[in-house]
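Chemist: Residues per chain are reported as follows:
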Amino acid sequence: MTQSVVVQVGQCGNQVGCRFWDLALREHAAVNKKGIYDEALSSFFRNVDTRSGAVGPDIYKGKICSLKARALLIDMEEGVVNEILQGPLRDVFDSKQLITDVSGSGNNWAVGHKLYGYQYREDIVEKLRKTAEHCDCLQCFFIIHSMGGGTGSGLGTFVLNLLEDEFPEVYRFVTSVYPSGEDDVITSPYNSVLAMKELNEHADCVLPIENESLCDIVNKINQMINSGKLGSTVKQNSLVTSSTANAKTLQEKPFDAMNNIVANLLLNLTSSARFEGSLNMDLNEISMNLVPFPRLHYLVSSLTPLYTLADVNVPSRRLDQMFSDAFSRDHQLIQADPKHSLYLACALLVRGNVQVSDLRRNIERSSETTSDPDISRGIQFIWDPIQRAQGCAPASEPV
Amino acid sequence: MSIVTVQLGQCGNQVGHEVFSCLCRDLHGPHGLSSSRDSQSYRDACRERFFWEQQSGGLVARAVLVDMEPKVISQTLSMAARAGSWRYSHHSHFCQKQGSGNNWANGYSVHGPRHKEAIMDLVQREAERCDRLGGFLTLMSMAGGTGSGLGAFVTQCLRDAFPSSFILNHVIWPYGTGEVIVQNYNSVLTLSHLYKSSDALLVHENDVIHKICAQLLNIKQISFRDVNQVIAHQLGSVFQPTHPAEGGSDYSRNPLGDLVEGLVPHPEFKVLALRNIPQMPENCLAFSTFSWPGLLKHLRQMLIARAHMEEGIDWQVRAPPPGPSSCGHSSDKPFNTSIANLLILRGKDVHSVALGSFQDPSLYTSWLSPQDAFHAWKTPRAFNKYEKSAALVSNSQFLLKPLDSIVGKAWNMFASKAYIHQYTKFGIEEEDFLDSFTTLEQVISSYTTL
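Protein chains in written order, with this note's numbering: chain X, 1 to 399; chain C, 400 to 849.
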């Protein structure tokens, strides 16, 4: 089983990352009833024996002692990271996995990339090496950051550069949050453009995400809850946006709902690598099949369904509806309209109780509506039918 | 004689598990109307072919499991162990951590050479365990990275290490709607490389099996498990012991050899297709009766009209009249010209069956007489709950259209150089692609002008 390391840079990156770890723990808790440290857990967590202090040896099998996330938290101001360390996830992060400074980057890409990059280079490299050494077989680095700010975009892309130099064989998946139309950072266009150049050259795969789309999805869900259409058929705690029991309680932090969506995306992307299924797909396969030319590595992602049904047997109509939704603009995490332009390649990752025949039927349905491009269009599907403890939770995303 | 099975990649391992389960089930199943002595020799032959026995009496499959990631192999091993009637040997599997990423070049140029020693070591051990080695059966898919790329490399190594053994590659043709975007590239590369080292390629198409599951077996939600079970049933009906063509009461000693000798008279024509009749859901079996003339008539028409299963056969297609052949490519004509056919009959009254319809010279090419082109194997023992069943392994134009379509799609993709950088990264250059295209075009044109 391969391991992945998550590098969260900047305020946005750390907040999204925090939600990711929270959801990952919940997912594993739902599946792993016996508390045994298994292969699925080892892809994102280390099992550390903390009885001999915080720097215990790793335990590779047996019961879970103390889980530590394979992550690196980088931020040039202390507020966000401190908040994480005081929250419920404080034990998941090793104190050695943090790099912080006091003054921040001032929304300036140059400060993040050149100034802090230079200053913290050795530190970052050393901590990355340490994390990589704890991995048996490191397959992928996930970088989470925003493009509009200073640290996330500047220092984040510097780390990307570093990863390419130090670990050329390891895949680099970047989740970038692009600034939306009403962004409050004035220099965000400059920061984004400078960062994009780096992404073009050094990333293996980029998942761009727009705040606007996330907002729309959150609003859609709230609308659905408030209109009462969902009623009792929807499990409130399985909304893509919620992480706690009742979705109706006001979220304390305004971006939590949106960050949950991104965290869900990342979890589902890696699910086939962690759990077994009848047709597995690893991250290197995603990169292989969706990147026809080296510089065209930007993937439009979308998630369905936005809520899960309490009724476990998903009838075919709903399943077909899910597939259609996956290709619709409302469910995409970025404002784009590939249906009216061109699909170069498309992958469907399906989790839950879906069979080959359903997938084939839906692919034939959707291929009738889209036009034929010059490149022979291929649609790829992979899935793993894991039965999750809280009832079948089908979630599909075409990427 | 024993056959060593090499299961490669996720598909190969999943199918392999179903195949062994099917064989074992048949082994312990009822023996129809054959005598118990005959049944005993059948069981012995089957056991010797595919399994070896431990001191404690348990059956261990003669198989080597290879995959580049651990999930599937561990699942396969545990499923086999749980079933109880047979299992895999503890030391016959090889896996890595990272997988091949659906990249043929990765499987062939990187994983192949790197792990050649370890894999060939396992194969050697299995081969040495056999009293008499009858040959190798490799199970793989064409669309992925390990099965296809590493599979092609392993076949080459097998050919180098065992130059006089028979190698039969069982290849799974991916769904036309696509499972993997680069499946056409992977398929083209695999087929062209296998053509050089393998003795014969036995093909199963996912599309065809899916249709069989949907229409004949009435399965509503078809999973890969169902597909694999149908494949296993069809393979079992070919590889279970039979009496050889010349008659005699002993079971055939050299199944792979006989199959390859009979069906592949010329190295240019190696692609074999498999058709099996009848296929029906279990609950219908009690209400059905079969007659040999009926089964054979259907099978013959399936052969001529290139049908995939016993429903939906085009009965209008007839054999052409003898004499000089009319102009036009035979791929346009619906009639399927065969080079050689092998008919395997299992069930009661099998020795009195009239096989004249299959010996009709109009079915075959002009350069091979029906006596040489047609073979029949029989056994009175019923297979897998079907009182009478027939399987047809055919070297004919069955796979011409699918092959043509895959090469066409791959060529389209190649024309825009899409995904090539992923292969170049691991050492497969554009020249290798062009070579593969040339080889397959040659094969297609040979089959077309039959």
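For the record, the hints were derived by calculation from the structure and aren't laboratory data.
Among the hints, a few may not be true.
Rough simulated footprint, nothing fancy, chain X against chain C, three-plus residues with beta-carbon under 8 Å [stated by the list, open to error]:
1) 464-471
2) 488-498
3) 628-637
4) 676-687
C-beta: ideal position from N, C-alpha, C; glycine also.
Chemist: Next, verify each hint and record whether it holds.
Modeler: Hints and how they fare:
| no. | hint | in the structure |
| --- | --- | --- |
| 1 | 464-471 | holds (count 4) |
| 2 | 488-498 | holds (count 3) |
| 3 | 628-637 | violated (count 0) |
| 4 | 676-687 | violated (count 0) |
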